[in-house]
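Residue numbers (full-length UniProt numbering), protein chains in the order written: chain Y, 1 to 356; chain L, 1 to 459; chain E, 1 to 99.
Treat the hints as calculated values from the structure; they're not laboratory data. Where hints are given, some of them may not hold.
EDC-like mimics (lysine to aspartate or glutamate), calculated; alpha carbons at most 16 Å apart, straight line [claimed, not checked]:
#1 E:K49 to E:E12
#2 E:K19 to Y:D238
#3 Y:K28 to E:E75
#4 Y:K31 to E:E75
#5 Y:K171 to Y:D94
#6 E:K57 to Y:D196
#7 L:K263 to L:E220
#8 Y:K28 to E:D71
#9 Y:K236 to E:D71
#10 L:K216 to L:D136
#11 E:K37 to E:D81
#12 L:K328 to Y:E63
#13 Y:K235 to E:D71
#14 Y:K235 to Y:E43
#15 Y:K235 to Y:E39
#16 E:K57 to Y:D94
#17 Y:K236 to E:E6
Derived CB-CB ranges, DEER-like [said to hold, decoys possible]:
#18 L:E108 to Y:M145: 54 to 64 Å
#19 Y:T105 to L:P197: 26 to 36 Å
#20 E:G78 to Y:K116: 36 to 46 Å
#21 E:T35 to L:R295: 28 to 38 Å
Note that this is a predicted model, so its numbers are computed, not measured. C-beta atoms are modelled at their ideal positions from N, C-alpha and C, and glycine is treated no differently.
These are the residues of each chain, in order.
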Amino acid sequence: MEAGEAKSKKAGGSRLCCICNQRRPVLKRPKTLQQICRECFYEVFEEEIHQVIVGNRLFKSGERVAIGASGGKDSTVLAYVLSELNRRHNYGLDLFLLSIDEGITGYRDDSLETVKRNEVQYGLPLQIVSYKDLYGWTMDEIVKMIGLKNNCTFCGVFRRQALDRGAALLKVDKLVTGHNADDIAETVLLNILRGDIARLSRCTSITTGEDGPIPRCKPFKYTYEKEIVMYAYFKKLDYFSTECIYSPNAYRGFAREFIKDLERLRPRAILDIIKSGEDFRIATTTKMPEQGTCERCGYISSQKWCKACVLLEGLNRGLPKMGIGRPRGSGNDQKDTKARSTAKSIESKQCGSLEF
Amino acid sequence: MACNSSGCESGCYDREKDDGSKISVEDAVAGGGNQESVCVKCKCNEPMTFGDGGSDDGRFCAECFRNNVFGKFRLAVTSHAMITPSDNVLVAFSGGSSSRVALQFVHELQIKALKNYEASRDRSLPVFGVGVAFVDETAAFPALSTEMVDAIEWVRSTVSSLSPPAKDLHVVPVESVFGSDSLDARDRLVKLLDSVPDDTGKEDLLLHLKMLTLQKIASENGYNRLVVGSCTSRIASHVLSATVKGRGYSLSADIQHVDARWKVPIVLPLRDCVRLEITRLCLLDGLKTVELACRSQCGINDLVSSFVALLQEENPSRECTIVRTAAKLTPFYFNKIPETDDSNVPMATQRRLKRFNIKYDGSMTTEAFCPICNGPLNRSDSSGLDTFEECLESDVLYAACCSSCRFQILPEDGSSLEQFSSYLPDHMISQVKHQKVNSQAYLREKIKDCLLLDDEEVV
Amino acid sequence: MQFTLEFGGGLELLCDSVKIHKVNINLLNDSDILTMKDLLSWVRTNLIKERPEMFMKGDTVRPGVLVLVNDCDWELSGQLDTTLEDKDVIVFISTLHGG
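The following block holds chain Y by itself, in its conformation from the complex (with noise of 0.2 Å):
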């Protein structure tokens, strides 16, 4: 016997691809547990986005949409993907890259090098917009005021504004953001525990922020996390992964940890959750606040000041409390916010970025 026959036998077993039943399968698909190749992976993956882009009317031929590029694996496959699909199946967008930097060294820095890495790589012009232009501050400089409590809020609220920013100075007419159903399903479990019936209703949606500045959609909804890795692998994708040096326990959350061991169990069940979640039948009078604008900085706001303002005046004005936590109402709210400033280890990955 060959060795390369045998590794062969040994890697795919004597079966073969489910799809083309010719090539030796690289990969067990978490959604459907079948066993493809390499060239079928890329198709099914590539289709069943398209299927999503499609089914669900994301884009409308010659818009501009900016794609939230971070530099990890998410981002960089969407970036990838997207411009594939727009080339392949003629979707008429105007595609850009649009990347935040907050301002924290060693860790921003470096992804940032990949992004643009991926301008050149894809040839999508890039944007770069940044919290010290923006706001004044940098993350460093808002962890050396604040210290390690609570900075992920301030990063969140900024993070968000700052997309949109980016997105007004681009002029493009939508976002999309690399969020996977990992992440959703994640963000249902959270929103569970910690009893945002409000956001609750919303994050499962496709697509939010339609009566926003800027509306944002997420076509890797039903996409797993583990399929995006293996696209970037065998593709050989350049992407930036390590985690914020400022959060505590970002690595670590008890609610990731816990789709995961689900995942082992039964792969569907992150599907399933995200279902959940669409179909909680919940009052649709918990969903949108009013919506006004910010007196100082004119962003969208349901209060006088937006979120981002209430928190620089109390960065520039050495207040670091202030706007932190949500305003004396029920005891439930205040409740939950103790909870959850104290209980890091319910934080996921990407602080903030669960805040749609």
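Chains L and E: place on chain Y using the hints.
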């Protein structure tokens, strides 16, 4: 609602002392650590220390603690009209701590009612009846038969000690839903369970069969209420496991105080009590319980329980928050005791029911239900039952079930599905047929304006 | 036996930030069969310099860590029971990172 912080004494984490400063964990556990340890509620008696490491240990005296737990039970019963004087109530008893407390509290309620009855001059209000049901699962777990025999003995003596008033005890094997011939029934049960490929599905199917058994006992013996002792903690686990199994639509039906989609409405009077309180109460009152090995979980259900336990360690009020969130989901029209014009029901109760039911917007949308789990079906889910004409019973079964049961309970291939269908208890099969008829009626209703003739058949 | 081990997706941080390791593993027992199970415990002992719980949970890799043996998902070759041969390339990628 499970836990509103102002009156919450169920062990939620963020407790404030009366002077507004936050209580520390050490204070609680050491039974005060203050100079004078008094119950924070009545301020006279010595506080109880359970030493179980749970929250709020050493803050309340035995009496206040007990009153608090019983108070929550009684509030649930009265505000949801769970038990009224003319009712005949069956308490589902598993031997575990929650159902033991439920049984105890119902018994005490009955004693009080009896006292009032005997003291009243006109004896106008009758005393509600109480029976106890224990479902014997030996057929599903043959290895545990000796343990089960002992458990049943213990159940008998426990129930008989709870008189006067004396309560009927119904010990019924779970296979009785298949028929009266016990050997044949047991055989069908085993075959049915064996044909389910998924472990979690098997476990859940057994739970559904247990509920069918309880319903059977209740309706055959003239009971009109079924008391189930599910506590906040159990419901929190159910919220997560339902979410994880794709049962988000039907979740709100399962977690309310009242579930009247069954022939005999189910009521959950301990829904607002956490397990910690219940186990402490059992300790306090010397209520014995028995933990059967068949109660241990596997698969998804076990994973969820461990996850909730982990969350509880990190934050003892987590299960309350989970149930509170789920309680904000819109319930169904059947999540309330149905109004009645029955003259046997006291006017006060009828009025209370009417008042309470106004909260529900009265949308009497008839739901279709999954024949296996009895979960309300999301219309958008149904896989076109109406497209089936003459087809196999198993095809109809497949189309009638919710997507979760389809995946985890129904066998995959056609012939196994047929066999499975043949083993199902008759009640579930009749549900399938009932649903098919309903669905045709529903379809007909939708297109009747287009029908030329009144008696035109729906194709 | 000689192996090339690659760590990605952040796992390299657990091995002194070295992504590729060329290792030589001598079998302690007489049998000339080395399974992934054996390899994993060897890696945990010899290569993982910090936070082993990020790499392994019990006998197997932490959920969320993908394993490829010669560019092939180890789910196809029997996971822990996969038998290894000389010059095999084993890749560990963690999926648990922001993107």
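**Numbered hints the structure breaks, given as an ascending list** = Numbers 6, 12, 16, 19, in rising order.
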